[in-house]
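Undergrad: Sequence:
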Amino acid sequence: MLGCMGSFVSICIVSTLAAVILEVNNNFGERHMYLLLSTGSTSEDTSVADLADQPCSTPNRFASIWPKDFHVSPFNPREGMAYTLSTTDPLRCERPVDSRIVLVASNRVRLIASIRATGPAIRPAALSAYQRSQLILSWGWVGALTEPRIYFQAAKLHVQRKLRVWSLPVPLEKTISRRANRLERSLEHFVRGYLRHRVENTDGSFTVRYSAAGLFANDTVEIMQSPSARAISSKCPGKAVEFRVLRPDFYTSFVESQALTAEAVFKLLAGNDFLRVSRMHVLRDLFCDESGSFPEFSKVSGSGHLAFQVLSWFRKGRPAAIAGPRSLSALDCYVLTCCSPAEQRDYWLQVMKLFLSRYVAFGHTFLLEAEVLVALLVLGWTLLTTNSLYYGSYGSSFRSFFVI
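Numbering (mature numbering (1 follows the signal peptide of the UniProt record, and there is no 0)), first residue to last: -18 to -1, 1 to 386.
Since the hints were derived computationally from the structure, they do not count as laboratory data. Everything numeric in this text was worked out from a predicted model, so none of it was measured. Treat the hints loosely; a few may be bogus.
[As the list claims (entries may be wrong)] Here are the simulated lysine to any residue pairs, SDA-like style, with alpha carbons at most 25 Å apart:
1) Lys50 x Ser159
2) Lys335 x Arg161
3) Lys50 x Thr189
Hey, can you work out the whole structure from these sequences and the hints?
TA: So, in structure tokens, the structure goes:
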């Protein structure tokens, strides 16, 4: 998708297209933004232009080339490819829509995608109510059917052409991750709170820049500082570290891990490209005295002991980051000691939903919710049927008694 986003727009006084902001989306919910500067007329890029059979260059065309570093098509790898863009300058051309994107690998064209205007531009403000309704009915359904069409055509290519399918690679740091689902957003609240609590209760001078994944822009970044770091000058921030979450499933993986300390969990997930930690030794200093504060199951009383013992039982069989006695995880400990009873119940329900979905819903929580709904409907129908049969039989016996 070609479009302009953001609030910083530079307008050239000579009305010439100098740069293009290109937003690329894939079917996995990820996005990537490219800032493309003009490489001159297309005639200067002779090798690419000849391969793509692009039209003759004119002063009204914008051309650029950039390396591919975002996974879009399952039939092409992310590495070793490049894109070229040739589009008309909408400020100086009578036909504003005339764009072509070419995928090039080893100086050979792999794919050409183009879009051109076939008529004059339509101005909605100049249309009547009937014409607007006709336009919506004619084109409104196209967007809803685009994704099913993509999956259908991809299946045809894979089955009929035997094309190799490349799995989704680990997103790069500049890639905008997919939106977090409801479960991931709920668990992110506890992970963020735990990290904030740890920073605010440490004796050292620490500054943590936490960047979440999959949330809205105003909730993405938070700066956390220890009391010592807030007391000193901003020129000497002490030990600074950046936690950048790359994928929303980091939060579910953090909860599922049975590592004893959060430091071990962060190191494990950083090695699996779930997050980036700028200075790992600062992380070690931040969590150095954490393990001694973890309560064992025997020190947790009441219903909390049983509830979190169930969570620990579900964690059995998962790969452990470190060896050691079975204990509460770092996040479990934080929830039990620092969260309200309502938050503890919400955390337990969300984690249980996550664990149960692995066993009965192929890891999809929405499928688990659908299964629970179906089970409740079946149970309700069964109870209604049983009651109707019971009361129907009782009523027949009652009438027979009076007849006798």
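Undergrad: Are the hints correct? Go through all of them and say.
TA: Verification of the hints:
A hinted pair counts as satisfied when its Cα atoms are at most 25 Å apart, and Lys50 with Ser159 qualifies at roughly 17 Å. For the suggested pair Lys335 and Arg161, the alpha carbons sit about 19 Å apart, so the restraint of at most 25 Å is met. For the suggested pair Lys50 and Thr189, the alpha carbons sit about 35 Å apart, so the restraint of at most 25 Å is broken.
Checked against the numbered hints given earlier, the structure breaks only hint 3 and satisfies all the rest.
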